[in-house]
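Visitor: Here is what each chain is made of, one letter per residue.
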Amino acid sequence: MASNRRLFLTGAALGVSAATLGTEQRSVFGDAPATGPPRRFVFIRKSNGVRPKELSLPTFTEPQRKADHDKDAFRIDMSQHELPAWMRALEPHKSHLSILQGLSCKMSENGHWSYSSVMGAFKSGRNSLSGIKRATIDFELARLSPSPFGHVELSLTGNYSTFRTGIVPGYSAPGPHQRNYCYADPQTAFDELFKSVAHPDAVASDNAMLKFLQQEEAYKASVLGGYEKLKISNHVASIESIQARNLEVEKMAGSIAQHMPEIDAVHLQGGHNATTPEKQHAMTNILVAALVTGLTNVVTYTIDELSTPIKGLPGNEGDHISLHELGHNGGYSGVPADDIRQKVRVGHMDQVAAIVERLKAVPEGRGTMFDNTVILYFPENGEGHHSHGTEAPFVILAGEHCRLNIAGQYIRLPYHATKGHKTIGNWYTTLLNAYGNPTPHYGDFDLEMSRKKLEQSGAISELLT
Amino acid sequence: MTYCIHPTCSWHSAIPFSRFTVAVILVFAFGTCPQLHAAESTDTLTLPAEIELLLKSNCSECHNEDVAEGNVDLSSLENIEVSERLEVLNKAQEQLHFGLMPPPESADLGPQQRSKVLDWLGSVLKQHGASRLEDKLRKPEYGNYLLHDDLFSGRNEDLKAFTYDRRWLISEYIFEARFNEILNHKPYKNIDGKRQYVIGDNNRRVNLTNPFLLPSRSGVRYYSNEVLNGGHLLTMLTNAKEAADHILYLSGRDRRYVPAIYEIMDMQWSHARTLADREKFLNQFIETILVTIYKEKHTDLLPKFERLNIRTVDSTKIKKSPFHAAQPGASELVVLYHAMVRHSMNAASDSEWIEKCERDWFNHGDSARTIQTRLTFLAGYLDEFRAQVERHRYARKHKLPVYRPRSDQEQKQIEAAIVVHRKPGDRYIEIIEKCLEGWRVEFEAERLATGPPEQKTVDALVRQLFQLLYQRDPSEDELTRYGGLTQQYLDKLGNLAGIKKLIQTLILKTDFVYRNEYGTGKQDLQGRRMLSPRDGSYAIAYALTDSSPDDELAEAAATGRLNTRADYQREVERMLAKRDQYYVIDEAVQRLQLTASITNTPIRKLRFFREFFGYPQLLLIFKDNKRFGGNYDNAKGRLVGEADRLIDHILQADRDVFHELLTTTNFYVYHSGDNDAMMASSQRIRDIYEHFKDLDWSNFTDEDIAKHEAFIQKVQLRGMGRNPKDDLRTFKTIMTSFTSRFDKGQSAAAPFDSFPAHGKSNADTRTGLQLRSPEVAKFFNIKLDDWNYPAVQPSTVQHRMGILTHPAWLIAHAQNTETDPVKRGRWVQEKLLAGTVPEIPITVDAVIPEDHHRTLRQRLEAKTSDAYCWKCHQKMNPLGLPFEIYDDFGRYRLHESLEHPDNLIKKGPDKAAPHVDLRDTYKTLPVDAAGILNGTGDAALDGEVTNALELIDKLSRAERVRQSFIRHAFRYFLGRNEMLSDSRTLIDADQAYLDSGGSFDAVIISLLTSDSFLYRKEKAD
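Chains as they are written, first to last, in the working numbering: chain B, 206 to 670; chain A, 3 to 1023.
Only chain B is shown next, with the shape it has when bound in the complex (with noise of 0.2 Å):
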């Protein structure tokens, strides 16, 4: 809890949405950078749960395998250890890697969905704009890295059937009662993404459409005065900030020429064919291109949800696969649920391979990208495929310059309403605290911690450096 109002406001201030420009004319997508590379963050948002006992070390000696069973704190290093089967493919980056275990997220949305509210700390009433408390920290960590897009959010979503296409309603939130806007297939990231260099004409007729329209609006404030001249120039200062954007884009045409990626054909009107490996592999291809172009350095990306229909896997290539059905038990072509799932996580873990190596591959300062990148993959909706909240794991691949204390290693906090525990919101106040906004608590509490009187504010401080 903030000791006082002031010192709550002062942290609050540096949280205020971007998106909440007005009067003051901050610009729509951040304020002025920082000198030095810029710090990227990619969050990997999956569902169905990842159940804790998925993330433990095969090769944990007995009394740690009893203490991860038992769910007591300890935290060792893993570089003497292997990493579990599905996870094989982050072994060249173990020294990168951490797995956290132990957070909670009973404060947002349970279940089958958490919706915004995984990465916002708080209940959304289901999937209610109005129920979004707060930006969710992924925009909050874009404000302290601004880009000209700010934050890419990516999706491959579905209806169980068909996968979803076009731009669709986001996960993520730029502030309380708004929701963010989503690339749902490859092709339309691909196009509006790098629009300046495939779609030049379509970015000239936006903007001559926003010229238009910040001359008509700056003709009719200029008529007016006081606070309903504000109404009007406001809006212009807004379209000005958005040409900027545009004129700042433009000016990165080079850049986005050399990395931009190419997209199958497969991928062309939404993709109908393509099979979800497919997908996820283009779907990175378009993240590591938006990072290394310097389009943004936050990526919010949903690798799948429930309804996300899972077509093509290695072993089940003729199956319509429901990963709501994997979360009860339903197997395919003979294939155990449970192999299956193991399957998913393995694709998974590829992309996010992929993602580290196509990052340490370009050069950045001294070091490459992925020395100033973190990358987060989690479970939508915490422990399991009805989960309960009582466990949120993470896994995290960070670089050289990471700003906590975690590389390498394999973390189990305090167990959800026991002393010393730590949810979600402790481990996003520890990425603010680390990267610059010295907020005292990011999110809601929990409310059995509440009950049983115990602490739990601010952020976990054996994670920072």
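Okay, the calculated beta carbon distance ranges per label pair:
| no. | chain 1 | residue 1 | chain 2 | residue 2 | range |
| --- | --- | --- | --- | --- | --- |
| 1 | A | Arg257 | B | Ala403 | 32 to 40 Å |
| 2 | A | Arg197 | B | His591 | 31 to 39 Å |
| 3 | B | Gly625 | A | Leu149 | 50 to 58 Å |
List of simulated lysine-lysine pairs, DSS-like, C-alpha gap at most 25 Å:
| no. | chain 1 | residue 1 | chain 2 | residue 2 |
| --- | --- | --- | --- | --- |
| 4 | B | Lys425 | A | Lys1021 |
| 5 | B | Lys425 | A | Lys1019 |
| 6 | B | Lys624 | A | Lys908 |
| 7 | B | Lys624 | A | Lys909 |
| 8 | A | Lys628 | B | Lys624 |
| 9 | A | Lys243 | A | Lys188 |
| 10 | B | Lys434 | A | Lys1019 |
| 11 | B | Lys624 | A | Lys925 |
It should be emphasised that the hints constitute simulated quantities derived from the structure, not laboratory data.
Given the structure is predicted, the values throughout are model-derived calculations rather than measurements.
All C-beta atoms in this analysis are idealised placements derived from N, C-alpha and C, irrespective of residue type, glycine included.
With chain B held as given, fit chain A onto it using these hints.
Guide: Frame of chain B, contents of chain A only:
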């Protein structure tokens, strides 16, 4: 040091902090400082002698060079930088205006002197355009700063009322309604057995995000102060694209929608239809056509068929996913069905016809993946598929298409194209694609030859889009500008993209998101003009609904019948009497309670009381199920829904509305609003109970149950019959639950089944959906297994009196884990007594210290009893503490539970049936709910009270309280705070309420026909 919350404001960060600088704190807490960045200058200031004297004698003792309390030094005003001076003057103006300075213990400033100083401060600040006070006074939280007596005493009733000309940003509700109108989204619901059009159900096919959400607060939320900002624009950019796409889609489906779009796009869409039609025809019948053209040579031209290798799997050892979780989608199932019908008739085995299907799909050119998916599905789910085909009557719904050649000319054209494009080894899809591409090129050339649209068509397009989006014609000047812009778009982007861009442009203009309220016509002596008929029609429509003017109102405005007060009265009365239009009250409630949240009361009338009382804020309060003793999240939606129903019930009667709202002892508790349905549902439980009660049901066997099968089916016992092996257990669970509702001699049982689940077997709601969450009764201290369920409601509930004792209000004005007497008291002070409470200084640590040996009241009193805190808390605590007879779930109590692990007496169960209380038991202390009512202006009412019930009784009799309702209604319907010149309007509305026997309709009519509503004045800046 303290900080300005504006991160870019370096000026503020330099101000040293002092705990006495209340004004400074206020500045920062409210955080608007645009004017403070005025250009630096050393303009001189000349203090008029009289003002200098007043400052010296009343202020300088504390605010001089040496003392400078609150960092305010009035002795050097003439010598400091302009920006610094303006800041000091702003502080002084606010302190003086709000009566915070001079302090009571110092020499007092007479009203005339105070007025002189205020006038002078105002003139200097106005000269620099730097008065912050004006900005503050238009905010809702400053509404009560205009003295109540100044408004209702009559001394200002001769002032002529008006509202300034203004743009008013649309609300979240208007945004939805506008797009629903534009995009022809007209949802219907079955209500009371009739199909009814419902406004406010926003589940459109188009992805739009609403950027105009109103603030979350208890009190009037929609004010005309809001300013369009960057967040709005970013969201609207994507909204505009999505909406433009859908407008074009609708234009293509209905030529009357925007005729000019259809005219411009006619040829292109006609070509597209021809192409789609040919593509569909070829996809269905190309093989027949090819055989007709090529006869016996056709087979030789086919590609070489290679079968896919599909594994045979053994699914018996695992749990196999059910059909619905493995089927490849509805359209694919139809493809499979047609293939099965076509080939299975003469096949000797399944594998034979499946192979034929595979060959067909291969020849057609379906992707190997798709074929593999189909074959895998058929291999694993053929039996289930056949059952599905039977169950869903595929034979009737999805008949096999029958080949009929097209007209001679069309058929020839198609066949000619095939002959041109078919190559040996081509799959059908390749032939089709080549044909389509050829026709595309031909069509495009044809369109190019016709040239661009004529100017008159472009003008018509602009006019029609203005009508669709702005509901008005463009002016001549606009027609010229937008006509030119349209031509540019069409030239550069082509017709489709050009029109789309024009639609986006119009949606992104401020005209789309601001409502205009301007006076027109002749100015009267006070400089006022009456609202233009068009603006007036929108002002009325948006005062009562979220929609544009209905046909009658629009007609009145267009035909000169909205020019007088009587015209306004006629229309307002007509609209208030309407009951044939249904509205969704709250989509969030609808989602949570899983039943409709509807009314046919004009929605803004009901919404006023939702906002005024603020109980929907409950939805943002999250609580621990354990402390509730049941499933709180499931019950909270129903609780809000039933508070809505109670208010609607009182509004429908429209008698003594304010008094009824504050004092009714009748409530809805687990009720659908349909008394007949609830009686029938409750009777069902009794019938079941009566049927079995005298039998030895607890020792029934499967055979015993079988004897009652007909009865069980008739009364639809939930959960029975699905899995016969579980029936016995299910039956006993049901009977245990039903028996518990009668075995204490209860007169009737609450109608809920013992297994809450999907489907419908509890009481019906008015929309036919299931009534859920009986645990809502727990908020009212009602035990589900000891309740004489009243099927006719609203009905009496003990220890309750009006909305302020409704658990929804009590929770909304509490914290997640405890009550909040300060919040509750503040609500009473501001909403019922029209009083003011200064904002909490940001240096105050507002947390009440934990102490599990004392009640919250004791802890609060210890925290706020010192003089510094009490100055403000005396206005809240005595009004909020009487509500301590209710806990933070709104449950009545005599003892406060000291919830702390150290005080635990007995642990409750973690999981049990709905009627079981899951709460842990802690040590308690008696509740002291004594308080003091002060501020009614009536000595007979002011004084000590023992608890909330007495407090509410007294409040309900106070003239001040009635008038406070009126003031808030004024703000709600006018979208602004009162001014002195609104005195007559408020007095009239109050009198209308009294004369009508407490009709809220009378209040609305009075307000919407007042000068404040009708007249506009240009604001001189």
